[in-house]
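Here's the letter readout for the chains.
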Amino acid sequence: MSTKEILQVSDLTMAYGDIIIAENINFSVKKGEIFVILGGSGCGKSTLMRHMIGLEKPQLGDIFLCHQSIVTASYDERLGILQDIGVMFQGGALFGSMSLLENVSLPLEEFTDLPNNAIQRIATDKLHMVGLQGAEHLLPAEISGGMQKRAAIARAMVLDPQILFLDEPSAGLDPITSAELDKLIVNLANILGITFIIVSHELASIYAIADRVIMLDKAAKTIIAEGKPHYLRDNADDDRVRRFLQQGVAGERIH
Amino acid sequence: MEATETEIGPDSCQYNIIESTDKLIKIQLGGELSVHSSASVWQKFLDLQKQYQPEQFIIDANDIQYCDGAGVSLLIELREQQLNSNKQFSVLGLPQQFADLYKIISDLPTNTKPQNREEQISLIEEDNLIENVGHASLGFIDSLREGIAFLGEFTYQAWLTILKPRRMRWRDVPRIIEEVGPNAFPIIALMGFLIGIVMSFEAAIQMENFGATIYVPNLVGLALTRELGPLMAAILITGRSGSAFAAELGTMKINQEVDALHTMGLDPVIFLAMPRLFAVLFMTPVLYLEMVFFGLIGGAVVFHTLGYSFAIYINQLDSAVRMTDLLGGLVKCEVFGIVIASIGCMHGLRTRKGARSVGLSTTQAVVNGIILLIVMDGLFAIIYYALGI
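Chains A and B are the protein sequences, given in the same order.
Quick note on numbering: my numbering labels position 200 of the first sequence as 200, and the sequence is numbered without any gaps.
Just add 1000 to wherever you are in the second sequence, counting from 1, and you've got my numbering.
Since the hints were made in silico from the structure, they are not lab data.
Warning: the hint list may mix true and false statements.
Pair by pair, the computed Cβ-Cβ distance ranges are [said to hold, decoys possible]:
#1 A:H137 / B:K1353: 28 to 34 Å
#2 A:K31 / B:I1374: 55 to 61 Å
#3 A:D18 / B:L1151: 25 to 31 Å
#4 B:N1128 / A:E142: 47 to 53 Å
#5 B:L1151 / A:V186: 44 to 50 Å
#6 A:D84 / B:A1070: 53 to 59 Å
#7 A:P115 / B:E1334: 35 to 41 Å
#8 B:K1087 / A:I176: 56 to 62 Å
#9 B:L1144 / A:S144: 40 to 46 Å
#10 B:E1334 / A:S144: 42 to 48 Å
Once the Cα atoms are required to be at most 25 Å apart in a straight line, the calculated PhoX-like pairs of lysine-lysine come out as [what the hints assert, rightly or not]:
#11 B:K1103 / B:K1087
#12 A:K30 / A:K183
#13 A:K221 / A:K57
#14 B:K1050 / B:K1026
#15 A:K57 / B:K1353
#16 A:K218 / B:K1353
In this text the structure is predicted, and so the values were computed from the model without any measurement.
Here a beta-carbon is modelled for each residue, glycine too, at the ideal position from N, C-alpha and C.
Could you put the whole structure together from the sequences, leaning on the hints where they help?
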């Protein structure tokens, strides 16, 4: 693993009991990359993300985040690793009883010794960065799905992590909100140098933001393609990959 | 044999049975074959098919004016029944737009069509009694192990929090205290008062036979402080707050909020369960004392109607109820509080997926909580007896 690589997955086998979800998963992600994991429904994209953020234990193999294994880490090492990453879950997973500001402030309150006014300042800035000016004191239930996702990104990046994991950021959003979110992701990657690992199957979004993608396949139970999305669309050896990446992108009506 | 039947009505399907023998059934259909009108003919046609089991089944659909998905499903059902017994089926003259729909639906793959959930599950795994018993036993052992592991972690974290209070988020405690305590004051007062009245009244009826009604306050006082006060207050808190903990934490679990805590490096037991434990530990004795207080008032009211003064009531209480009885009740309350909070939070955090699972966790939290409270109360009776309290 070179110093440029911020995440490495090696020989990973994911399984629930006897049922193998995917095996022989190998890839690495460079610092500052926007890396997308794509594939059809049920191929194990979200499961792979859950393994990378330490919510599931792999059956075999190892995962290195910022050069440390999250699989074999001790409790304290794991806490250190987790502070270097941020996660946005599919539904946002904001705490329903807290306002957006309280949600975003929480990691600062728990892991820093910053005074209260500094915490408020930083959390407010992060909310403004994702375009949520004026919504600081609203509860998650009082805002739209797109705003909840942006607030969840603000919370995920409040400790200035090196890697941000996003699970289906565009799912369920209208095209304009989705495009705004894509712009935000690219800006954060360019300005702050954050590495993004995104689980998605929204092709428009993938072409707009991804530096590199891997594609998982349910039948093959492993990675069937890795590379730049536009290149794979036109040149992938595997027919399944080309078909997936060409599907409906031209925006033609089905007759 | 030939038969002719026609049914006419608004939105109705008109049918004419041209022929029905074991060689051929031919039915002429007209009008609308829709989700509403097909109900009137569905079973009739199937019964006819079952009765004659014809070599050939022909539907003449020339006069069909409208046919929707349900109508097509009827045709497909008839076709499948015929084809399954290697017999013939044909639809004649179905207008083009309905024929397209018929083709789309009949072209769907139907070769493995399980009839019910059990069959679908049996496609995934073989149904075997011994395996099922094995799976159920392993499931029970797993759940027991999870329960013990959770209680171990819960107790350990509670101990660490007592040693290092700063590790817990105290900010949430007042809100939970308010939900557990003050919001329950009216119902606890009402229950205590009524229990006091009922108990002293029933006791007075029996004691009157022996001229011993003066001992009613002794019974009410002892029963409330030692047994009924702690147990009834705890059962009420389980129903109100234990269930609320399970539902709240369960919903957080299915909304991935618990996963979010894990990825932030925050332990859900410390972050979510500990504030609830300390809120319950703080409020259970208060609610116990409130229940005892109102129970004694209820007892006093009945005692007064028997012709005794309040001074005698207090005097009798003073002679019967010792401080150790009250302290014993308070100790019980704290232990009951640990049971309520741990069972509620455990079931909440063990919620699987879906809204049904939250309901199940809530029910389990209440049922298991109450059972455990009664078991603990029995243990306390033995311990207190052994200690001479």
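Original post:
Lying within 25 to 31 Å: is that true of the beta-carbon distance A:D18 to B:L1151?
Top reply: holds, 29 Å
Subject >> A:K31 versus B:I1374 beta-carbon gap, inside 55 to 61 Å or not >> reply: Since A:K31 and B:I1374 have Cβ atoms about 59 Å apart, the given range 55 to 61 Å holds.
Subject >> Agreement of A:K30 and A:K183 with the hint, judged by alpha carbon distance not exceeding 25 Å >> reply: holds, 20 Å
Original post:
Does the alpha-carbon distance linking A:K218 and B:K1353 stay inside the 25 Å limit?
Top reply: Given that 25 Å is the threshold and the Cα spacing comes to 22 Å, the pair holds.
Original post:
Within 40 to 46 Å or not, the Cβ separation of B:L1144 and A:S144?
Top reply: Check passed, 44 Å falls within 40 to 46 Å.
Original post:
Keeping to a limit of 25 Å between CA atoms, is the pair of A:K221 and A:K57 held or broken?
Top reply: holds, 18 Å
Original post:
Falls inside 47 to 53 Å, the C-beta gap from B:N1128 to A:E142?
Top reply: holds, 52 Å
**OP:** Could you tell me whether the CB distance from A:H137 to B:K1353 stays inside 28 to 34 Å?
**Re:** holds, 32 Å
Original post:
Is the distance from the Cβ of A:P115 to the Cβ of B:E1334 consistent with 35 to 41 Å?
Top reply: With a Cβ separation near 36 Å, A:P115 and B:E1334 satisfy 35 to 41 Å, so the hint holds.
Original post:
Is it true that the C-beta distance of B:L1151 to A:V186 lies inside 44 to 50 Å, as the hint says?
Top reply: Holds - the Cβ-Cβ distance for B:L1151 and A:V186, about 48 Å, lies within 44 to 50 Å.
**OP:** State, for the Cβ atoms of A:D84 and B:A1070, whether the hinted interval 53 to 59 Å holds or is violated.
**Re:** holds, 57 Å
**OP:** Compare the distance between the alpha carbons of B:K1103 and B:K1087 with 25 Å, and conclude whether the hinted pair is satisfied.
**Re:** Holds, because 19 Å separates the two Cα atoms, which is no more than 25 Å.
Every hint from the earlier list agrees with this structure, and none is contradicted.
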